[in-house]
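*Asks:* Chains as they are written, first to last, in this note's numbering: chain E, 1 to 467; chain X, 1001 to 1212.
There could be a bad hint or two in this list.
Negatives, chain E to chain X, calculated, CB over 10 Å [stated by the list, open to error]: (1) Ala22; (2) Gln55; (3) Asp113; (4) Tyr264; (5) Glu274; (6) Arg435.
Distance windows between CB atoms, simulated [claimed, not checked]: (7) E:Gln240 / X:Gly1110: 25 to 33 Å; (8) X:Ile1171 / E:Ala291: 40 to 48 Å; (9) X:Val1212 / E:Arg3: 30 to 38 Å; (10) X:Val1039 / E:Phe185: 38 to 46 Å; (11) E:Gln240 / X:Ser1092: 34 to 42 Å; (12) X:Ile1171 / E:Glu434: 48 to 56 Å; (13) X:Val1069 / E:Ser116: 53 to 61 Å; (14) X:Ser1036 / E:Leu218: 48 to 56 Å; (15) X:Leu1018 / E:Gln24: 29 to 37 Å.
Chain E stretches covered by chain X per the calculated footprint, using a threshold of three residues with CB under 8 Å from any CB of chain X [said to hold, decoys possible]: (16) 3-15; (17) 85-92.
Treat the hints as calculated values from the structure; they're not laboratory data. Nothing here was measured: the structure is a model prediction, and the numbers come from that model. Backbone N, C-alpha and C fix where the C-beta goes; we use that ideal spot for every residue, glycine too.
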Amino acid sequence: MTRWTPDPTFYPSPSDAAGAPAEQLAYVAAFDRSAQQPDAIAVVDTDPGSDSYGQVVGWTDLPHTGDELHHFGWNACSSALCPTAPHPHVSRRYLIVPGLRSSRIYVIDVLDDPRSPRIVKEIPASSLAAAGYSRPHTIHCGPDGIYVSALGNGTDGDGPGGIAVLDHTTFDVRGKWEVDRGDQFLAYDFWWHLTRDVLVTSEWGTPDMIENGIVPELLLGRKYGHRLHFWDLAKRTLAQTVDLGDQYQMTLELRPAHDPSREYGFVGVVVSVEDLSASVWVWHRSEGEFAVTKVIDIPAEPAPASSLPPALQPFGAVPPLVTDIDLSVDDKFLYVSCWGTGELKQYDVSDPFHPVEVGSVRLGGIVGRVAHPSDPSSPLSGGPQMVEVSRDGKRVYVTNSLYGSWDDQFYPDGVGAWLAKLDVGSSGGMTLDERFFPHGDEFRGRRVHQTRLQGGDASSDSYCFPS
Amino acid sequence: MSWGQIAALAGLGAFHGLNPAMGWLFAVARGMQERSRTVLLRSLPPIALGHLASVAIVAAVVSATSSIVAANIVGIVGGSVLVAFGLWRLLSERHFRWAGMRLSNTQLIGWSFLMSSAHGAGLMLLPVLATTPMPASEHSGHLASLGPMAALEGVFASGIHTVAMFTAMAICAVLVYEYVGLNILRRAWFNVDKLWAGVMVGAGALTIALTV
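All chains should be modelled from the sequences, with the hints used to inform the complete structure.
*Replies:* Written as structure tokens, this is what we have:
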């Protein structure tokens, strides 16, 4: 169904998008770790003027069990305005929702009734396998199709992982994206500098390396991913690989600057095996080639073995575990989740090479178990994990589950389920919103992984025009 | 070629030039990326050239054919093609696919050629071309030499069309880049493609009607 005028949620530039109206609803991926109940998309009211503010107001169960919903994205976004293949009269109406464990991908309509998402298509694992992939992860709406990263190959639990492309209109899997992948084998996240024809990918592990939990021998053997790959977006070939050093295990979330005149971005590293610290690096172009520079170091926090889960007792410390980062649409603030220590940090990255910490909020944590102010007597499990920032940069949402089997290792007495919201001060600083804290039974026994905001958010849209 | 036909060719050219998808928006993007109006202005000729090539091929074929076969056959066949293509454009939700924005001038010509061809820009001139009396009809007996001459006439028509296209495109690009800003797209980017497809169906029907 095409529109007569562009979808009002598409913006030519990041500064235009920063003026977008506040989101009324949030969509949350909820999954049942035991795979007894179906996973679901939960709809949460984010309108402060509403009676049901901060409550789950919609719920759509999936038709299968055991999908393990994780990341998801939109069928179309601001990249529809990109001038080489413009298609601004499509609607941002479908959530593209992969099952990380089942390799199924659901297409879910949220326009007809935004509080009651409706499944309109199911792409079977076999379709993705035909493109050579399984375990779909990140979704980005590209100029010529929907790009899906995948952790594994199409036949067994091994690699290489890579990217498949879905058709914008039919959602059929068009095929493998890469023409020449060089020695790239591990996959995880991807994003791009659209106007420079650069696509960036990061590394986690193959399905065999992650699905039954983090494998200590692989971690200490420095076998998880520690590289970034830079690709020619037009030719679909690997152009350059940068190694951060094999002590930096798991280069996960990629957050390029939104403004296309800037050619840098941030990547979070989960853990250094040398001292359990976590770090954030910036990639940038230096004399034609890409280089990475470490700009944030977050040390581990010493803790008595008695308060640590078995996996961490030999170390006597809690690793911060930076599992997600998110960059505000104006490229000013970088949010860094420390899922292990239970902290959300906020940095002013106006100068990307010299971040300044301007905010910190503690919630949950392996040792801290810091409670939410709305319920100060209940210690929280899990920590700030997936971060989502509203387009205007004023609100930040965090969910607390990392990945089913890994939750169980780091929070063995149960990770729980919660979604918290923070308000951002005009020059930085964050305050937890006491009125907004859906948690526990509100999510019907599921864990919550990622949030998407109605109309788009800071990690959903790509722009082709500078601010 | 009458003044009316020249005006029609120019009008269609302006219509094509106004469509952001045909190139002025890309020129603006290239200018903004490099923060240079010169880059914007230098992008316009290759885009116009690609458009010209796309249109001229169709125009030359139509004009050459109509100098050799009976005009009403060209009108009916061409008109039917136009109606069919227009209907397909109207009903299909597929859009032109392209990845990559850092193009050399040659690649930019190629991009514009493909973009114009995918939209059937040349086909839209059919009603004008098919109803233009060709020089061939006045001289009999030299059939073999008539085709190329008529083809030249088609190229001439494409040239008029492209000058108008270039002018409209340049005005849009400079206005948006210098004064208006891109946010206007959010309100003013009317779905030209649907209108375009509708015009094609109408033009095809008109061609058939005029030639039968």
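*Asks:* So which hints don't hold here, by number, going up?
*Replies:* Violated: none.
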